[in-house]
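Protein chains in written order, with the numbering used here: chain A, 1 to 428; chain B, 1 to 428.
Simulated from the structure, these hints should not be mistaken for lab results. Please note that a few of the clues may not be correct.
[To be verified] Calculated pairs, SDA-like style, for lysine to any residue (alpha carbon to alpha carbon, straight line, at most 25 Å): (1) Lys160(B) x Leu329(A); (2) Lys421(B) x Ser7(A); (3) Lys421(A) x Leu329(B); (4) Lys347(A) x Val412(B); (5) Lys67(A) x Leu99(B); (6) Lys417(B) x Lys67(A); (7) Lys127(A) x Leu329(B).
2 protein chains.
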Amino acid sequence: MLSVDFSFAERFVSGEQIKSIYDEVFQAHKKIHEDKVFEPIGWLDLPKKYDKKVVDEIIIEAQNIRKNCDVFIVIGIGGSYLGARAAIEFLHSNNYNLLENTPKIFFVGNSISSDELYEIMQICKNKSVCINVISKSGTTTEPAIAFRFFRDFLESVYGKSGAKERIYCTTDSGSNLKKLADEMGYKTFIIPQNIGGRYSVLSPVGLFPMAVTGIDVKKVLGGALNALTDYSIYGENLNDCYKYAAIRNLFYRQGKVTEIMVGYHPKMHYFTEWWKQLFGESEGKNGRGIFPASAIFSTDLHSLGQYIQQGLRNLFETVINVKKTNNDLIISESQNNADGLNYLSGKSVNFVNQKALEATLLAHTNGGVPNIVLNLDSFSEENFGYLVYFFEKACAVSACLLGVNPFNQPGVENYKKEMFKLLGKPNF
Amino acid sequence: MLSVDFSFAERFVSGEQIKSIYDEVFQAHKKIHEDKVFEPIGWLDLPKKYDKKVVDEIIIEAQNIRKNCDVFIVIGIGGSYLGARAAIEFLHSNNYNLLENTPKIFFVGNSISSDELYEIMQICKNKSVCINVISKSGTTTEPAIAFRFFRDFLESVYGKSGAKERIYCTTDSGSNLKKLADEMGYKTFIIPQNIGGRYSVLSPVGLFPMAVTGIDVKKVLGGALNALTDYSIYGENLNDCYKYAAIRNLFYRQGKVTEIMVGYHPKMHYFTEWWKQLFGESEGKNGRGIFPASAIFSTDLHSLGQYIQQGLRNLFETVINVKKTNNDLIISESQNNADGLNYLSGKSVNFVNQKALEATLLAHTNGGVPNIVLNLDSFSEENFGYLVYFFEKACAVSACLLGVNPFNQPGVENYKKEMFKLLGKPNF
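Throw the hints in and build the complete structure from the sequences for me.
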C-alpha cells in the first residue's frame, strides 16, 4: 500500500548513524507494546479491536442522514474535527460542498469566530439540518458555544422533539454531554476511554462524519489494520514506520528542527493539518520537539519554495506522493503556442504533477534539505487508513525517541486557564 | 488605523538592544528610499502614483462581470493570486462562494492538480463564466496549463468570438500573453514593470479580482496611502513598521528563527498565506531568513498550541487582532447548563474571542514566546490596504537588516529547471 523512499534522506544520514539509534527505537517499541509506559494507548489495537456493532450502527445512522439531511454540521475542535475533515477532503475533495454532494458538511465550533457561526447559520436556513457534536467532556469552550447556537437553531425550527432526532453526540461515557444526551434523548456514540483526541480519527469521532459523506469506513479500518500488522514487529531491519521515526529524530539532532509535510494536491491540505496536531501536541514539550509545518506543492513552491531552496538550513521535508488522481486530463495542442506549452501537448496534467514532484525532490535535496517520500498509488479509503496508522505509530515512537510523553498535552491548558480568569469563570 | 502593541515583545528585547539597531534600520531606509539599491521598487509609491484611469477601467469592467457572470475564474500562482484571495476572504468571508454571492470566484492554475481543474470545470457547466488569467510572462507552467483548459472550455461553449469577450489578461506589457491578447482581442490590464509578483496586490493583479467581488478598491488604495505616509519618515523614534522590522530581526539574532503569523478568524487564513510568500521569498536566501509559519486561533491552539507553549524555544508570534466582527452573536442562557457555559450567557461571541486572544498573549509570553500585536478596529477596506503596505515596507526593511535582496527569488527557478529537464522542454 505504502512504500517509503528514504533515498533522498540517506544523503544526509549514514547507515551507521541509523544503526546507532536502533536500540533506542527498540526501547521505544517496548515502551509502547509491552511496558505500556504511557497512556492512553487504545489507538494501538483499535483497527483490530474496534466494536463492530458500533461501526454498523454508525453506518446505518449515516445512511439515514444521507437520505434526510441537506446539511450536516460537525461541531468539534482539534482532534474532534481534523481527522474527519482530512478524510473527507482526501477521499472526496476540498471542493466537496460545491460539487452538489448531499449532505453538505460544515465544521464549526473550532474557533470563536462569530462571523463563522453567523454565516453557517445563514447557510442552514430553510435546509434540513442535522448536527454531530463531538467533545469528550462536553464543556470545551469552543464547541460548547457552537452547540448552544445550533441547538437553539434546531429547536427554533423543529421544536424540542424534532430537534432531538437531529442531534448526534460523540462523547466520553461519563461526560456532561452524555448525561445531557440521555436526558434529552439525543443519539450518542461513545469514544473509547483509552483513546486521546489526536489519536481518535479511527474511532466514532472520525468515522461517523466520514460515513455521512459516503466513505466506506470499514475499508478505512481495513487499511489501518494492514498498517498495524506491518508495523507491529521489531526485527533486525527497521520497518518503514520506525525508520521514518528514527531518521527524523536523527535530523533533529543535526539541528533540522522544522519538518514540512508536503502534498501535491489541494485536497491534501487538511491531512497535513491533522498531521500537524498529531506531531505538534505529541512532541512539542519539555523545551523540545520538531516544529510541524506544511505545504501544498506546486502551489507553495511559489511561496515557501524560495525559503526551502536557499533559506536557513534547519528544515527537512516529508512528501506524500499519491500517484493516481481521480480525474486526469490531457493537455491540448495550441495553434499559436504563445505559452510555449506545446511540448506538453498530449501529456496528462497528472504526469506533469509527478514530474514536478520528482524535480522538486532533486532541487531541494541539492539545496541541502533532506526529503522522505511516502508513495501511495491512489486516494483510496484503504490508503487513508494505512497512512493514518503509519503516522500515529511513527509519532508515538518519535516522541519516545525524543524523551517526551507522546500522549499528554499539558501546555494546552495554559491559555484556557488565563482565559477562564479573564472571563470570570467560577473557580478560576 | 493600525496600532502596534510591542509590550509583549519588549519583555524579550531591551530598549538598549532596539537602539543598537537604529543605525542599521536607517541604512535600510536609505537603501530603499534614496539609493534604490534593489529593484523592482515600484510598490513603494504605488498608493500615491497608481494610474487612476486604469483603476476606473477596472471598476467598470468589474461591474460588467458582476452583472453578467455567475462564475469568475482567476488563473494565477504565487503573487498572482494570494493577494486577491487574501483580500476577498478578509473583506467578505472564507465562505464567500457559499453565501449566494454572485459571481462565485475560483482560483485555479496555482497547482498542477488535475482533480482541481476537473472539479472547477464541472462547477462551471451551464454557468456564465468569465476568466482572468494573471501571469507576468504568460508562460509560467501552472497558470498556462489552466488557461489552456479554461480557454478551450469557453470556446467550446461560446465560440471563439464569444469567448474573447469573457477573457481578461493581467500581464506585463511586452509578454507573450499580451501579444496573444492583442491578437485574439482579449481585454488586458498591464502590470507596471517595476512591481514584483509578491508586491503586486495593489496593482491590477489584486485589484481587478477584488473589484469583481464588490470590494471598493479605491478605499483599499486609500488605506495603503495612509500607511505610506505614516511609514515614509525616519525619525528619532522608529515608526511602528520599522520597529516591527527591527524587533523581529533582533529575535532572529537571538535564535528565534520561526515567526508564526496569527489571526483569530478563519477568514484571515489567506492573509497569512499572502504574508508567508511575501516574507519567505524576500528573506529566505543566502542560508538565512526567518521561517514564516501561520496559524488561526483558537482553532490551532488545539493543534500547534502545545508546541508553542512548551516546545523548542525558537519561535515568536505576530498577532493580528481585528477587534470588531461583522456579525456578532449573543450567547444564550441554558436551563440545565450541562456545558457549564452559563457564566458567559449574555456575553457576545466576539467578546469571548477577544478574551481568548488576551489570554493567549499572556500564556505564550509566559511560556517564552514573544508576541507582537497589530491592532485593527475592523475588517475594512482601508485597514486591509493599510496592513498590506505595513507588511510590504516592513519586509523590505527586514530583508535589508538581514543583508539579503528583498526583491529577488533566485531559488524559485531550481525546481523549474529540474522539471523542464524531466519534461523534455526544448533548450533544457
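A quick look at each hint next to the structure:
1. Only pairs whose Cα atoms come within 25 Å are accepted, and Lys160(B) paired with Leu329(A) is accepted, the gap being roughly 22 Å.
2. The straight-line distance between the Cα atoms of Lys421(B) and Ser7(A) is roughly 21 Å, inside the 25 Å bound, and the hint therefore holds.
3. For the proposed pair Lys421(A) and Leu329(B), the alpha carbon gap of about 22 Å is at most 25 Å, so the pair holds.
4. Proximity of Lys347(A) to Val412(B) is assessed by CA-CA distance (about 24 Å); at most 25 Å being required, the pair is judged to hold.
5. Of the supplied pair hints, the one linking Lys67(A) and Leu99(B) holds, its CA atoms being roughly 24 Å apart against a limit of 25 Å.
6. As the CA atoms of Lys417(B) and Lys67(A) are separated by approximately 51 Å, the hinted pair breaks the 25 Å bound.
7. Of the pairs offered as hints, the one joining Lys127(A) and Leu329(B) holds, with about 21 Å between alpha carbons and a cut-off of 25 Å not exceeded.
Comparing the model with each numbered hint stated earlier shows that hint 6 is the single one that does not hold.
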